[in-house]
Amino acid sequence: MRLEINNMRVFYGKIEAIKGISVVVNEGEIVTLIGANGAGKTTTLKTISGLRKISEGSIIFDGQDISNLSAHERVEIGISQVPEGRGIFPGMTVLENLEIGKYFRKNRASEMAEDIERVYTLFPRLKERTSQAGGTLSGGEQQMLAIGRGLMARPKVLLLDEPSMGLAPMMIQNIFNIITEINKSGTTILLVEQNAQQALQRAHRAYVLETGKVVKEAKASDLLNDPAVRAAYLGTGANNPG
Amino acid sequence: MNFAVVGSQFFPLLINGLALGFIYVLVSVGYTMVYGVLRLINFANSEIFMLGTFATSIVSTTVFKFNIDSHPSHGMKLLLVLLCCLLASMVTSAVVAVLVELIAYRRLRTKGANRLGSLISAIGTSIVLSEGVRILTHSIPVASPRVLSKFYVFKIHGVGLRIDQMLTIVFGFILFFAVDRFVTKTRLGKAIRAVSMSEENSRLMGINLNRVISLTFLIGGLVTGAAAFMYMTVYEQTVFNVGFNIGIAAFTAAVLGGIGNLRGAFYGGLALGLAEEFFSVLLGSQWKEITVFVVLVLVLLLRPNGLFGEAVQQTRV
Ligand SMILES: Nc1ncnc2c1ncn2[C@@H]1O[C@H](COP(=O)(O)OP(=O)(O)O)[C@@H](O)[C@H]1O
Ligand SMILES: [Mg+2]
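Heads up: the sequence lines are chains E and P, in that order. Under the working numbering, think of the first position of the first sequence as 1, with each following residue one higher. Under the working numbering, think of the first position of the second sequence as 243, with each following residue one higher.
In short, the hints are calculated from the structure, not lab data. Among the hints, a few may not be true.
[Claimed, not checked] Calculated pairs, DSSO-like style, for lysine-lysine (alpha carbon to alpha carbon, straight line, at most 30 Å):
{"id": "1", "chain 1": "E", "residue 1": "Lys-19", "chain 2": "E", "residue 2": "Lys-53"}
{"id": "2", "chain 1": "P", "residue 1": "Lys-392", "chain 2": "E", "residue 2": "Lys-14"}
{"id": "3", "chain 1": "P", "residue 1": "Lys-353", "chain 2": "E", "residue 2": "Lys-19"}
{"id": "4", "chain 1": "P", "residue 1": "Lys-530", "chain 2": "E", "residue 2": "Lys-106"}
{"id": "5", "chain 1": "P", "residue 1": "Lys-353", "chain 2": "E", "residue 2": "Lys-53"}
{"id": "6", "chain 1": "E", "residue 1": "Lys-127", "chain 2": "E", "residue 2": "Lys-19"}
{"id": "7", "chain 1": "P", "residue 1": "Lys-392", "chain 2": "P", "residue 2": "Lys-307"}
{"id": "8", "chain 1": "E", "residue 1": "Lys-219", "chain 2": "E", "residue 2": "Lys-19"}
{"id": "9", "chain 1": "P", "residue 1": "Lys-319", "chain 2": "E", "residue 2": "Lys-127"}
{"id": "10", "chain 1": "P", "residue 1": "Lys-427", "chain 2": "P", "residue 2": "Lys-319"}
{"id": "11", "chain 1": "E", "residue 1": "Lys-213", "chain 2": "P", "residue 2": "Lys-392"}
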């Protein structure tokens with residue numbers, strides 16, 4: 001598995017949201033993309049998953065140019081996105097949400113029970129709520145469900161868009177622990193976060209995105225100690241918990 | 243107000259209302275399912291209905307050589323004729339519905355046109371279809387020969403249930419139930435529900451959006467076509483603009499139950515069919531057609547989300 005984004009440019013009408021970025025995600029890594037609100041993190045993920053059209057540049061996945069594949073075809077080849085704001089189906093039960101995560105799989109019948117069990121082992125709270133409507137879950141539970149649903153497709157690379165958004169500190173720890181665990185069991189992860197502290201602690205490598213451009217690229221541990229990054233994204237001095 | 247008549251005619255009115263109501267239910271399923279996935283009112287649905295009524299009529303006259311003087315059929319022949327007419331109507335409506343989506347809506351959608359563009363395209367398609375049939379039929383209503391003799395299944399004290407009404411009620415119920423099960427229980431049905439909740443998130447599940455949209459038009463068309471067949475067995479006449487009143491009524495029924503919601507179409511359709519029959523006796527038959535508009539205006543004013551409001555939005559198609 002190797003995901004390679006080359007000189008990608010993306011427009012909303014005439015507004016250029018992504019101004020030629022290049023990002024590489026290698027097999028087994030957690031790569032994080034950090035940046036302030038509006039930097040273009042979500043747009044980047046949506047273009048990788050095929051929800052938005054790339055205007056220039058290319059997206060290469062396992063050596064194949066996938067720039068022109070539609071979103072559902074990209075799920076089939078192993079790219080799953082857990083969207084910002086969770087995007088679970090509110091009128092469906094927890095179980096139905098998980099089942100639909102496997103919508104396209106050819107051997108879904110034989111994989112279904114096993115993968116649902118795997119998600120429930122990862123998130124025991126979901127198992128207790130299996131027939132509850134998704135819309136009635138708490139924010140943290142919805143995030144668990146969104147991640148679990150993403151895993152149902154057995155992705156090679158999982159794209160996570162701000163999984164910590166709007167969660168209580170305890171729950172944030174919980175979610176990041178599970179992201180690390182998912183990665184250790186073999187899924188490559190591209191993690192978008194505003195919570196740079198947590199993201200940099202968990203990731204192997206990181207890119208800093210500012211107004212549609214990559215302004216920094218380094219090992220995550222190096223960025224944790226980078227004065228400019230600390231000032232811009234981690235807060236400085238006595239207030240800094242990290 | 244004529245309450246005494248309502249009392250003495252309660253059962254006939256109930257039966258008439260239910261038969262009409264089930265026709266509304268099925269046509270409003272067509273509106274509500276499309277609205278669910280595209281947030282678009284498919285104005286062409288009334289013409290999809292109209293073409294179904296013509297298909298029914300054409301099959302009975304050309305394939306089975308019925309004419310106005312023919313005697314109604316019996317036994318296996320009757321069953322065969324009814325089934326063929328039903329099938330023809332459903333297939334015609336479904337094919338037209340899928341084509342309308344492909345030709346009139348899909349290109350606009352993929353080019354990123356706004357909702358207003360699609361709405362205008364919907365109205366245009368509706369006009370093209372009905373005017374096309376107007377030209378072909380010279381605006382003359384087409385009376386369909388009687389295939390099914392209208393006997394009473396039972397009759398007690400002068401109150402009875404006619405076979406065509408019974409078929410409409412029973413078959414309407416079965417068909418609605420089947421669609422409801424399909425949408426709530428099957429994998430494809432769940433994909434339709436997922437798209438109606440969020441188009442983007444459905445695509446992230448690997449759902450082929452265009453295919454699900456075609457499937458939705460297909461089901462909506464099949465059900466609307468079935469309603470057209472029932473309409474023909476009950477009323478035995480059609481005309482190029484037959485869809486207009488039925489379309490408005492079915493749309494009202496969908497709004498009444500909360501558009502986008504399948505069960506809402508069921509309750510809304512029955513409520514409207516019954517209201518039309520009872521009010522026409524209560525207030526005079528000149529009020530029959532107006533009932534629909536009064537209900538539509540009242541719902542839009544008082545309960546724009548439909549009678550069932552937010553509670554059913556959770557379970558929308
Ligand atoms: N649907 C849209 N239409 C127009 N502009 C958009 C749209 N979505 C995002 N943008 C713009 O693109 C830029 C990047 O947004 P986004 O990718 O959501 O950033 P982030 O996820 O980093 O907060 C912002 O300037 C935003 O205003
Ligand atoms: Mg974002």
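Hints and how they fare:
no.: 1; hint: E:Lys-19 - E:Lys-53; verdict: 14 Å, holds
no.: 2; hint: P:Lys-392 - E:Lys-14; verdict: 66 Å, violated
no.: 3; hint: P:Lys-353 - E:Lys-19; verdict: 23 Å, holds
no.: 4; hint: P:Lys-530 - E:Lys-106; verdict: 53 Å, violated
no.: 5; hint: P:Lys-353 - E:Lys-53; verdict: 12 Å, holds
no.: 6; hint: E:Lys-127 - E:Lys-19; verdict: 43 Å, violated
no.: 7; hint: P:Lys-392 - P:Lys-307; verdict: 20 Å, holds
no.: 8; hint: E:Lys-219 - E:Lys-19; verdict: 23 Å, holds
no.: 9; hint: P:Lys-319 - E:Lys-127; verdict: 56 Å, violated
no.: 10; hint: P:Lys-427 - P:Lys-319; verdict: 36 Å, violated
no.: 11; hint: E:Lys-213 - P:Lys-392; verdict: 75 Å, violated
This entry does not satisfy hints 2, 4, 6, 9, 10 and 11, going by the numbered hints stated previously.
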